[in-house]
Each structure stands twice: as structure tokens, then as C-alpha cells.
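Undergrad: Each chain, written out:
Number of protein chains: 2
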Amino acid sequence: MTNPSNDRVLNFSAGPSTLPLSVLEEVQRDLINYKGTGVSVLEMSHRSKPYDAIIRDAEATLRRVLNVPSNYAVVFLQGGGTGEFAASYLNLFASKSVRAKQAKLGRALSCDYVVTGSWSKAGMKEVQRLGGHVNTVIDGVDGKYVGVLPVSQWKLGKPEETAFVYYCDNETVNGVECRPETVVDAVDPSVPVICDMSSNMMSRPIDIKRFGAIVAGAQKNMGPAGVTIAIVRDDLLERDDDPAVLHNLPSVLDWQYYNKGGSMPHTPPCFTIYVCGLVFKWVEKLGLDKVEQLREERAKIVYDVIDSHPEFFKGPVNKQYRSCMNLVFNLPTKELEAQFVAEAAQQNMIQLKGHRSVGGIRVSLYNAMTIEGAQAVAQFMQSFYDQHRQ
Amino acid sequence: MTNPSNDRVLNFSAGPSTLPLSVLEEVQRDLINYKGTGVSVLEMSHRSKPYDAIIRDAEATLRRVLNVPSNYAVVFLQGGGTGEFAASYLNLFASKSVRAKQAKLGRALSCDYVVTGSWSKAGMKEVQRLGGHVNTVIDGVDGKYVGVLPVSQWKLGKPEETAFVYYCDNETVNGVECRPETVVDAVDPSVPVICDMSSNMMSRPIDIKRFGAIVAGAQKNMGPAGVTIAIVRDDLLERDDDPAVLHNLPSVLDWQYYNKGGSMPHTPPCFTIYVCGLVFKWVEKLGLDKVEQLREERAKIVYDVIDSHPEFFKGPVNKQYRSCMNLVFNLPTKELEAQFVAEAAQQNMIQLKGHRSVGGIRVSLYNAMTIEGAQAVAQFMQSFYDQHRQ
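Here the protein sequences line up with chains F and E, keeping their order.
The end of the first sequence is residue 617 by the numbering used here, with every number in the run present.
The end of the second sequence is residue 617 by the numbering used here, with every number in the run present.
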């Protein structure tokens, strides 16, 4: 396969992942002297006027693209999903409403985890590490991360005993993608739903007002690694005056602290936010509905090959919950999987190996992957099948 | 003033701060296709071979440049100084040795803070926020951040009652720079010294083995904002098996978790670490002794002007503790200060305004500032003096 520009390859990495070429070209052009300021964004004071415009513009663009209601804070943080596993729990338990509910109950509230894969499980484990009480609503389908059990089989806690319900909208490792409505419809409206959307935020419209908080690392559809976005309903930022509320909540995980400081109570990851802002603008130009249409189209191109040869491309995930972002499957043997990855790389298609914890093949198709890129990998799959079918 | 390359200005920002032009040029050159990999480092999987080489090389270079002993871990984190304020306290109180000492004492150990400016004060406040017991060893000189009181006036806690002694080696806001030996000589060797070297790490050789841990945000002498470096003596990473040890320590602040995962237990701020690695190589090529010589030389060029007209350039800091990184002074009136900043900007010298909490003028002269840059600002100061002297 020849490559259209500058010998770039098709990058199917699950994250950090491919970025729009036009964004990279703009970053390159402005790298040494950003728009006549005489400095690079890499070395620009976060208190300078040009940087303030960059971060405010990034936030405003994200708000427009995702249609974020005005009663939701948007903050840029650091520490990725793992930081937000802890932050979600610690911020909620520092909030006025959760504390009042807990005082009423007279004992610790529990945290409901809808476990559909490795990342929701990791979120739950972090809360256990911190001494929180968790309730496993589901743990995959009979312990396997292949879909989402029907809500009738969920073991949700009682609303008056539950601080929040947590789930991961797209499981990057396992290729399981939820339907957000399924979760928010199932949960009592008095209980905030906290969602990790690290790997599918900005790939389709979402009804934010149904969530307590949405958190996401940027390095899939939104930008480079090193910045984490939290969208938080403002009542969850309310606190008691008692300073002991903050004993377990380091500033660096405190959503309110970042919100009050306009995401800059201290130095933010300036350059990373700048690149995210450019990606947000790229998405805005396309329009989020178009982005959603393209995501379905790309995924269909690859799933069509899988579904044509289900005995060869073995997708473990139930069709209803197959991810449009991370398409996972196994080949008949491990040797064939290794050969698939190696031959694809020779044809300039990289990062197709499944996550080390589950093996197999994973094709990640984020926003910046072109339709042509999806077609190229689908063609390769078809020809690999033709060569190796039994 | 004409500018040597590409219309870049002289950037005296206190951080994020000027980077070596050769580093920026290399970043720009490789931005879209890093060394023939076909991808940008902005979109490169952190689990790929090229990225593994980048981060391992960055760590190895830092170890060589700073002569880090083999019994010290080097980890790349996120969250800046503020993250490490909490991390220092939480990691130490999770360590086997501090817990054993506390068990022996039968009550909470206290944390000794040598407060010499805004940042050591902020570190202390974070520990108070988290419910820690702090002991103020000194609080500036009679409450003013103008130097370091003689050790004979310090109120160090008893070693058997103290978890650690914390100080900030260079106070970026106040322009106070410690002599590390002063602190480590004053502290009982059984008590670990934790040092925030955010704004002067890699500006001179340091005797790391005398410290328990050294932490630093990168965005002064070492790279762009978004990565934090911790150098930690390995005995402080030892833990009891009791999981309750970790109840207060979120993974994202846990030095051991990062060390075990080679700084990549989860996605690191890939691109920022890459740029830091290039800066480390730039420093290595110069040599740290030369870097120290240049830092003294740059500072002398500016301090000479200040000292020639002490009635006009009023430096608040005692000469012995004046920072070579952040040179702060006041002019006779606020109007003159505003005029100074504005006229300098017209001559392509930016970010000379003092920190908003203290006002005045601040000239930050980090590693990447050239001698010519220091001369330019010194000349400007002299001519400003000539115009406005009484």
C-alpha cells in the first residue's frame, strides 16, 4: 500500500492514537513561533494572553461540540483515567449531597460499579484500594467481557444507600461499547451516574444532562496523551465548610479547585491542551452528527469482513455491544495472529495487536482514521482470509 | 532589538519557559513523521518500540546528567508541584520506615516545613489540607520571603517525631534560592529530606544521595509543562503488606506504582516526556558544570546592573540567597514598573512582570536563555535607569 502523504502509516493504535493530518500540519507550522508571538506554545507562559485565548477557546469549542449544558463545569486535568477513578470517588464523597445522604443513612454509602471490561474493573479496584465500599452491579456476562447483561439482571444498590453509579461507556481493551441510555434509564434519577468516556467521547452526541460527571483521557478521539477532561454537574461541586471534607482529596484531583481556577489553579499541560483545542475545532468543522455517521461507517466496513467469515474472524463481543472504536477478534491460531500483525505492518498498517491482557487482534478506528484507512485494513483482512482459510 | 532567528522574542517567563531553539527545530522537523516511523510522537502508542526507546532514553539521559545513584528511582508523573506536595506526604506516610517510626512513637509524626517562599508554603498548606501535622521550621525571615534564617534559629522537630523535612530549593515567585547543603547539613541523617526543585533542577550538580526524594515540574529548565519528575530513594518505596496503607494514596500519586510500571503503569504524557528527553540531551552535550557556570554568568550580568543602582532597582532578597533563576526587584513606582514591562515587550523581551502575588519585576533566566539574552535585558535595564533616574 502506498501512503498518501509524507510516508505516514495507518495507525490503528488504541491510544495514543492517530490525529488528523491537518492538525499535525498546523502544529508543525506554528511550532517555533506561534502566530507571531515569537514563542512556541511549548514554552509559552500559561498566564500570558495568547495562552489564555488558547485554553478558553479549547473549552468553548468543546462546550459547543458536545453541547454541554451551562450548569456543567468543564475542566482540564492531568492523570488520565486512573486519576479520575480516584477523583470520581473522592469528589463525590466530598460533595454536599453525598455527605448529606450518608449522614442520613448513618453509615458509608456504597458505590455501584457496572463492570463491562478491564477499565470499569480498574475503576472499581481503585475505589477498593482507597477503602471505599463497592457494589458490583454486573461483572460482564458470566464474568466474561463480551457485552452488557440485560438491566433486569443488574444488582443496583438502593438509591438511598448509593453514592453514585459508575460505568465505562467504551471498553478499549475488550471492545464492548455501551448504549448510554441503557445505563441512565436504569438508574434512579437521584443517584448521579459517573461515566468514563475516555475512548469514545466526541465520537457521537451524548445527552450530558443525564450524567453526574463524565471523565475522559484525551488520547483517543480528542488529542495527545497528557490531559484529562471532566464534565461535572455543578451541584456535585458543592461542599460543606468543614475542612475535614478535603482530608482525602488532594488538590490535584479536586474538580472544584480546577473549576475555580479556570483549569489553571497551577500550570496546566499547556501544549497538550492546545493540540486538543485544534482537534476540537476539526471535529466542530465536520459536525458531531457527521462524525457519528463516519464512525458507524468505518466500523461497518471492518465488521462486514468479520461477519462474512465468522469461523475465521472470531469476535467475542455480542453484536449489540460491539464497539465502533475498538474492534477485537481472534484468528484461528496464535501463529496466524502474529503473522497478521507482521504482514499488516509490512503494508504500513500498525498497532493491530490486541491488548496484552487479552491477546488477539484489535483494530481501533477513532475519529481521525479515514474511511480509506478502514477500507485498507478491511481489504487486508479479506486477502489474509483468502490466503489462510481452511 | 533585532532577533536572530525566525522573529523569536526573548522569553523571560518564570515557567513554562524558553526552550533551546535547536530542540524546537528538531521537534518541528520530526513532528509529522518521527524518524521514519510514519507517525507523530503526538499519536504514538506508549506501548510501541519507538516510544519505549524514547522514554527509556529520557530516563537514562536524566540519570547520567544528574548522576542519579542506582538506589534511586526516577519516575515521570503528572500533576506538577501541586501533585507532589500531596504525593510527598502520602508516599512517605505509606512507607515502611515512616510507619514503623510512627508506631514506635505511638502518635502521628509531624512534617517539618522550611518555608522560604510561596511554594514551600503551598506545599505545607497541602499537607494541612490533607490533615497532616506540620511543624514550621522557619517562615521566611520574620515572615518575609527574602532569604533563609541561619540554621541556629531553625525549629526542627526531634528526629524521632518527624516524618520528613521539606523545603523548596528555588522559590520561583520570591527569587530565593537555597544552598542545598545548608538544609541537608542541618537535618539529622535519619530524617529524609524532601526537596521541590521545580525551578532549578538541572541548572547545577546536586548531591542526590543526601536527599530522600527530589521532585520537580519540568517546565523551567527541563521541558514543557505537563510532566513531573520524582527521584526517590528506594527504601522510601518499601511498604507493609497491609492494604490499608494505601487508603489515602491514589494510584496516580503513588511513586511505587509508577516505578514498578517503568513510569507507564498507564498512559504517560508521551509527547511532553519526548521533548524533555531532547532537552536532557541538550544539557548533557553542554555538561552540567558548564550549565552551572552559564547560570551564574547570566545572573551576574543582570545582578550587576541591579547592584550598580540599588536605589532604583530594589532587590528584596538577601544577596546570599538571591536566585540565579528568578531575579526579582522593584522599581521606584508601580507606574515605572508597568512602563518597564511595556517598553521591554516593544523591544521583544517578554514576561518580565513579577508574579501577581508580589508584583514588581521578575527576570527568569533558565538554562535555555542565552548569555546574549541576559545581556540584552541588562542593557535595557541600564538604559531604562538612565532615562528615569531621579
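It cannot be assumed that every hint is accurate.
Since the list gives no way to pick one copy over another, a pair counts as held whenever it fits inside one copy or between any two copies.
In silico DSS-like cross-links for lysine-lysine, where the CA-CA straight-line distance does not exceed 30 Å [said to hold, decoys possible]:
{"id": "1", "residue 1": "K436", "residue 2": "K323"}
{"id": "2", "residue 1": "K276", "residue 2": "K541"}
{"id": "3", "residue 1": "K527", "residue 2": "K328"}
{"id": "4", "residue 1": "K323", "residue 2": "K517"}
{"id": "5", "residue 1": "K348", "residue 2": "K323"}
{"id": "6", "residue 1": "K262", "residue 2": "K508"}
{"id": "7", "residue 1": "K517", "residue 2": "K352"}
{"id": "8", "residue 1": "K323", "residue 2": "K352"}
{"id": "9", "residue 1": "K348", "residue 2": "K276"}
{"id": "10", "residue 1": "K546", "residue 2": "K323"}
{"id": "11", "residue 1": "K436", "residue 2": "K262"}
{"id": "12", "residue 1": "K323", "residue 2": "K561"}
{"id": "13", "residue 1": "K541", "residue 2": "K348"}
{"id": "14", "residue 1": "K323", "residue 2": "K512"}
{"id": "15", "residue 1": "K436", "residue 2": "K508"}
{"id": "16", "residue 1": "K527", "residue 2": "K352"}
{"id": "17", "residue 1": "K436", "residue 2": "K276"}
{"id": "18", "residue 1": "K385", "residue 2": "K541"}
{"id": "19", "residue 1": "K512", "residue 2": "K382"}
{"id": "20", "residue 1": "K262", "residue 2": "K323"}
Simulated from the structure, these hints should not be mistaken for lab results.
Undergrad: Taking the hints in turn, state whether each one holds.
TA: Hints and how they fare:
1. K436 / K323: So K436 and K323 pass the 30 Å test inside one copy only (19 Å; across, 46 Å).
2. K276 / K541: Intra 54 Å, inter 28 Å, cutoff 30 Å: inter-copy only.
3. K527 / K328: Intra 45 Å, inter 61 Å, cutoff 30 Å: neither.
4. K323 / K517: Neither: 40 Å inside a chain and 55 Å across chains, both beyond 30 Å.
5. K348 / K323: both (27 Å within a copy, 28 Å between copies)
6. K262 / K508: both (17 Å within a copy, 28 Å between copies)
7. K517 / K352: For K517 and K352, neither the intra-copy (37 Å) nor the inter-copy (48 Å) Cα distance is at most 30 Å.
8. K323 / K352: This pair counts as both: shortest intra-copy Cα distance 25 Å, inter-copy 23 Å.
9. K348 / K276: Close across copies (28 Å), not inside one copy (42 Å); limit 30 Å.
10. K546 / K323: So K546 and K323 fail the 30 Å test inside a copy (41 Å) and across (49 Å) alike.
11. K436 / K262: For K436 and K262, neither the intra-copy (37 Å) nor the inter-copy (45 Å) Cα distance is at most 30 Å.
12. K323 / K561: So K323 and K561 fail the 30 Å test inside a copy (52 Å) and across (44 Å) alike.
13. K541 / K348: within (24 Å within a copy, 58 Å between copies)
14. K323 / K512: Intra 39 Å, inter 54 Å, cutoff 30 Å: neither.
15. K436 / K508: Cα proximity of K436 and K508: one copy only (23 Å, versus 48 Å across).
16. K527 / K352: neither (34 Å within a copy, 54 Å between copies)
17. K436 / K276: neither (32 Å within a copy, 42 Å between copies)
18. K385 / K541: neither (39 Å within a copy, 66 Å between copies)
19. K512 / K382: neither (42 Å within a copy, 61 Å between copies)
20. K262 / K323: neither (44 Å within a copy, 52 Å between copies)
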